[in-house]
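Those protein sequences? They're chains S and C, same order as listed.
Quick note on numbering: the first sequence equals residues 1 to 492 in our numbering.
Quick note on numbering: the second sequence equals residues 1 to 492 in our numbering.
Mixed in with the good hints, there may be bad ones.
Below, computed lysine to any residue pairings styled on SDA-like, alpha-carbon distance capped at 25 angstroms [what the hints assert, rightly or not]: (1) S:362 / S:139; (2) S:489 / S:425; (3) S:12 / C:259; (4) S:337 / C:50; (5) S:113 / C:24; (6) S:11 / C:326.
Think of the hints as simulated: they come from the structure by calculation, not from any bench.
Protein chains: 2
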Amino acid sequence: MLASDSKQDNKKVLTRDNMNPHVRAAEYAVRGELAIKSEKLKEELAQGISHPFKSVVACNIGNPQALNQKPITFFRQVASLVEYPDLLSDENAELTSKLYPSDAIARAKLLLKHIGSIGAYSHSQGIPQIREDVAKFISGRDGYPADASKIYLTQGASAGVQLTLQMIVEHSNVGIMIPIPQYPLYTATLAVLNAKPVPYYLDESKGWGLTTEELQRSFDEAAKSGIETRALVIINPGNPTGQCLTEENMRQIVDFCHTNKVILLADEVYQTNIYMPEERPFHSFKKVLKSMGSKYEGQELISYHSISKGMIGECGRRGGYFECEGMDTSILEEIYKISSISLCPNVQGQIMVDLMVNPPKKGDASYALYQKEYDAIYHSLVSRAKKLEDTFNSMEGYSCNSADGAMYLFPQIQLSKKAVAAAKEANKAPDQFYCLAMLDATGVCMVAGSGFGQVDGTAHFRSTFLPPPELFDEFCSSIKKFHNDFMNKYRD
Amino acid sequence: MLASDSKQDNKKVLTRDNMNPHVRAAEYAVRGELAIKSEKLKEELAQGISHPFKSVVACNIGNPQALNQKPITFFRQVASLVEYPDLLSDENAELTSKLYPSDAIARAKLLLKHIGSIGAYSHSQGIPQIREDVAKFISGRDGYPADASKIYLTQGASAGVQLTLQMIVEHSNVGIMIPIPQYPLYTATLAVLNAKPVPYYLDESKGWGLTTEELQRSFDEAAKSGIETRALVIINPGNPTGQCLTEENMRQIVDFCHTNKVILLADEVYQTNIYMPEERPFHSFKKVLKSMGSKYEGQELISYHSISKGMIGECGRRGGYFECEGMDTSILEEIYKISSISLCPNVQGQIMVDLMVNPPKKGDASYALYQKEYDAIYHSLVSRAKKLEDTFNSMEGYSCNSADGAMYLFPQIQLSKKAVAAAKEANKAPDQFYCLAMLDATGVCMVAGSGFGQVDGTAHFRSTFLPPPELFDEFCSSIKKFHNDFMNKYRD
Numbered sequence: 001m002l003a004s005d006s007k008q009d010n011k012k013v014l015t016r017d018n019m020n021p022h023v024r025a026a027e028y029a030v031r032g033e034l035a036i037k038s039e040k041l042k043e044e045l046a047q048g049i050s051h052p053f054k055s056v057v058a059c060n061i062g063n064p065q066a067l068n069q070k071p072i073t074f075f076r077q078v079a080s081l082v083e084y085p086d087l088l089s090d091e092n093a094e095l096t097s098k099l100y101p102s103d104a105i106a107r108a109k110l111l112l113k114h115i116g117s118i119g120a121y122s123h124s125q126g127i128p129q130i131r132e133d134v135a136k137f138i139s140g141r142d143g144y145p146a147d148a149s150k151i152y153l154t155q156g157a158s159a160g161v162q163l164t165l166q167m168i169v170e171h172s173n174v175g176i177m178i179p180i181p182q183y184p185l186y187t188a189t190l191a192v193l194n195a196k197p198v199p200y201y202l203d204e205s206k207g208w209g210l211t212t213e214e215l216q217r218s219f220d221e222a223a224k225s226g227i228e229t230r231a232l233v234i235i236n237p238g239n240p241t242g243q244c245l246t247e248e249n250m251r252q253i254v255d256f257c258h259t260n261k262v263i264l265l266a267d268e269v270y271q272t273n274i275y276m277p278e279e280r281p282f283h284s285f286k287k288v289l290k291s292m293g294s295k296y297e298g299q300e301l302i303s304y305h306s307i308s309k310g311m312i313g314e315c316g317r318r319g320g321y322f323e324c325e326g327m328d329t330s331i332l333e334e335i336y337k338i339s340s341i342s343l344c345p346n347v348q349g350q351i352m353v354d355l356m357v358n359p360p361k362k363g364d365a366s367y368a369l370y371q372k373e374y375d376a377i378y379h380s381l382v383s384r385a386k387k388l389e390d391t392f393n394s395m396e397g398y399s400c401n402s403a404d405g406a407m408y409l410f411p412q413i414q415l416s417k418k419a420v421a422a423a424k425e426a427n428k429a430p431d432q433f434y435c436l437a438m439l440d441a442t443g444v445c446m447v448a449g450s451g452f453g454q455v456d457g458t459a460h461f462r463s464t465f466l467p468p469p470e471l472f473d474e475f476c477s478s479i480k481k482f483h484n485d486f487m488n489k490y491r492d
Numbered sequence: 001m002l003a004s005d006s007k008q009d010n011k012k013v014l015t016r017d018n019m020n021p022h023v024r025a026a027e028y029a030v031r032g033e034l035a036i037k038s039e040k041l042k043e044e045l046a047q048g049i050s051h052p053f054k055s056v057v058a059c060n061i062g063n064p065q066a067l068n069q070k071p072i073t074f075f076r077q078v079a080s081l082v083e084y085p086d087l088l089s090d091e092n093a094e095l096t097s098k099l100y101p102s103d104a105i106a107r108a109k110l111l112l113k114h115i116g117s118i119g120a121y122s123h124s125q126g127i128p129q130i131r132e133d134v135a136k137f138i139s140g141r142d143g144y145p146a147d148a149s150k151i152y153l154t155q156g157a158s159a160g161v162q163l164t165l166q167m168i169v170e171h172s173n174v175g176i177m178i179p180i181p182q183y184p185l186y187t188a189t190l191a192v193l194n195a196k197p198v199p200y201y202l203d204e205s206k207g208w209g210l211t212t213e214e215l216q217r218s219f220d221e222a223a224k225s226g227i228e229t230r231a232l233v234i235i236n237p238g239n240p241t242g243q244c245l246t247e248e249n250m251r252q253i254v255d256f257c258h259t260n261k262v263i264l265l266a267d268e269v270y271q272t273n274i275y276m277p278e279e280r281p282f283h284s285f286k287k288v289l290k291s292m293g294s295k296y297e298g299q300e301l302i303s304y305h306s307i308s309k310g311m312i313g314e315c316g317r318r319g320g321y322f323e324c325e326g327m328d329t330s331i332l333e334e335i336y337k338i339s340s341i342s343l344c345p346n347v348q349g350q351i352m353v354d355l356m357v358n359p360p361k362k363g364d365a366s367y368a369l370y371q372k373e374y375d376a377i378y379h380s381l382v383s384r385a386k387k388l389e390d391t392f393n394s395m396e397g398y399s400c401n402s403a404d405g406a407m408y409l410f411p412q413i414q415l416s417k418k419a420v421a422a423a424k425e426a427n428k429a430p431d432q433f434y435c436l437a438m439l440d441a442t443g444v445c446m447v448a449g450s451g452f453g454q455v456d457g458t459a460h461f462r463s464t465f466l467p468p469p470e471l472f473d474e475f476c477s478s479i480k481k482f483h484n485d486f487m488n489k490y491r492d
């Protein structure tokens, strides 16, 4: 009797076999097998276990401050002051003024006037005055008005994407069009929601270009198999692909959405990571839609932005927003309701959104330093993107499009038959096998293309170009050396 | 043709009618009709529109810092320093040491050593060293070991509850036992997940007591209607009810879970809000389970904690953790995976968890101030809880249990037939009608009992006792005056 009791005890109520099957089905390669292995290697290095490299370089994720990018000083000064309002008291004024510039002090006071305490729950949609500042930013950027009541502050763009997709998915036959390659947040979220990803392919041979013919093919094929496509996700600038859409192309996409009655979901988190501003400037979908006249009035569009990317890179803080355009009022209310269940986005993240959309201006005490820091990060990103692209394109079997924007390159590699066979032997996709070998040899962690989706039979990986400038050459040459060794080892 | 086009345009792709029906079904009264109306009143007051009150008092939500509770100084000093690490440079050392105590400086340096930058994504499960500190705190509190690898940092306890419930719900016939009255996060989350709430009732006549007979009745009735009950939610100390469980009662609950093969979900966010520490001290379910011996070894338990409550009240920061005990390894891995899709909990929230579990100790520079602030908030909460309870119990038709813990009272009101009829006329539940009338007359925002669940035919509301001490008497007398007028108006 006791023995049987105890045997029963070993059977858990909850196991992978009987858990939520949609959660089980979700995959997120950016923090998958390669990332988990890289964490383990990092721990081993810290314990003194020897490896062929001195440190792990996390190129699997766009996490600039983890790779020593310095935060924008003004932003952090304001964040520091709102944390400890005693610094703003008359008693401390003199000391504080020696450590903080006058505009940071003024901004902190203004924010605290609106917020009260950053330790209090805010309005579930985000602090009203910060949403007003976001609206001003959008209308300044686009030349068309924006409405604070249609802006929702979030814990990063990912949270906004998850929340809005959750609204849209009525049943398991709802389809959401996503680019291939895509950022795996989308497939993971759709898996959890038990909705159908409707893939459309970006054309690698045309710099990851996007045609409405391909959009229509994708939509029509889905319709034929009974899928009701409700929305189209565009990532612009692209992740993992780095392309930046032309205005003409964007108009075609808006027209496609309008004709086919789908909501446009515009992931624009890399809008300031633009590396060819002359040939390929950033245009927001909001602006393009508004410029297309009354025929398109009322087209449903949700645009996402984040404090994690750009020159800010405040990923760990979890802040962002989305703007709803043309959405039904009943849906805006439902978005508020669902946001309220999670109470509010963290207030420090909200403050950073405010700083992002309203940075120091000409004449402000911090303007010169802000501009200097911003430009230095920007130019360094431009040069690192180019250097890594050149490195890749100099390597046997590689071909790599240049990055118009974002933080990644997504090179294609031609692997030998022998390498493909070895991968099969190891029960890995060829690109996963290649990336695991690279991690073992160099400590560099990439994400294999299979995690993003790619044309069948091709092999890619995504790499950030975020390793710090002073270590960048070493980073490039370690990849190059690894690749030569790998090619020699598996030469047909 | 154009007219028809334009007509078509008015039909939105997404409306309340075809959105996710489970999201539509969710209700969250804490920020529902009353809260939305109170926000509107606040705006109107700001615009100079006259009302019978000078300010809106938000008693609908446990949000201490919004009602002027001062944050713990040491915690904010550390948070301020990690935001702006330049303060820690040799160059600024002298000035910084005049504004910040030595232990805050040391702690900030230690945290930054572990974290790098608070603007970087952290480990998806939470910063390893902070999880180690949480494990130390738990083992110190309970006298049983805790394992950092089974602790997950979250964006507040709500996020942890949502994440773990999401893991458990395999299909729409999975049931989760919840107390009635309950905190509406639970019913809202179960609605979104399309799972079955399995209600068990707390006995108001016995100080909101909980019997295993009632648990078994609830479980058996659900089983009869084909529901597979997988987990039991306990909120201890209770929300909205404020009761604190005895150790004996907790043992019975653990035994119930073990016998009936259900996971125990222990919401312990109010564990330091204990107002009768002699008669009703807090015991964690982890400790009670561990003390029950080998028969119960392996019982699945998830315990939640938060930085939003206690004497800390850092709600807006969104931080917390949950600890898994006895869960299958495959589930721990799946929890990590699903956490990684959202990248990481915000790092400032993680730091506040570290400070909560590892506050200044005897001998530290900040110990005296920390203890003074902590005790002042605690004693003030004790006295305000008592004062509000006495006020309620002095009022015609009220009966109110005392709060052993938490931040709320949940009085029952006997409303006259005339009042019930007037409510029906207005198409409102009687308690909602009463609370709306109170808001209109006094600016005090409560949440009606129907938002939490209550025995049919009874009327309650939840009120925090958080209005600031200096305004507390005025707050109590305004409710009292409103209630007299209301009773006179609707006397049978």
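Right, here's what the structure says about each hint:
Of the pairs offered as hints, the one joining residue 362 of chain S and residue 139 of chain S holds, with about 20 angstroms between alpha carbons and a cut-off of 25 angstroms not exceeded. Restraint check: the Cα-Cα separation between residue 489 of chain S and residue 425 of chain S comes to about 15 angstroms, which is no more than 25 angstroms; the hinted pair holds. Annotation: proposed proximity of residue 12 of chain S to residue 259 of chain C holds, straight-line Cα distance about 13 angstroms (limit 25 angstroms). For a cut-off of 25 angstroms, the pair hint linking residue 337 of chain S to residue 50 of chain C is broken: about 28 angstroms separates their Cα positions.
Taking the CA atoms of residue 113 of chain S and residue 24 of chain C, the gap is near 35 angstroms; set against the 25 angstroms cutoff, the hint is violated. Distance check on the hinted pair: residue 11 of chain S and residue 326 of chain C sit about 11 angstroms apart at the alpha-carbon level, within 25 angstroms; holds.
Comparing the model with each earlier hint shows violations of hints 4, 5; every other hint is respected.
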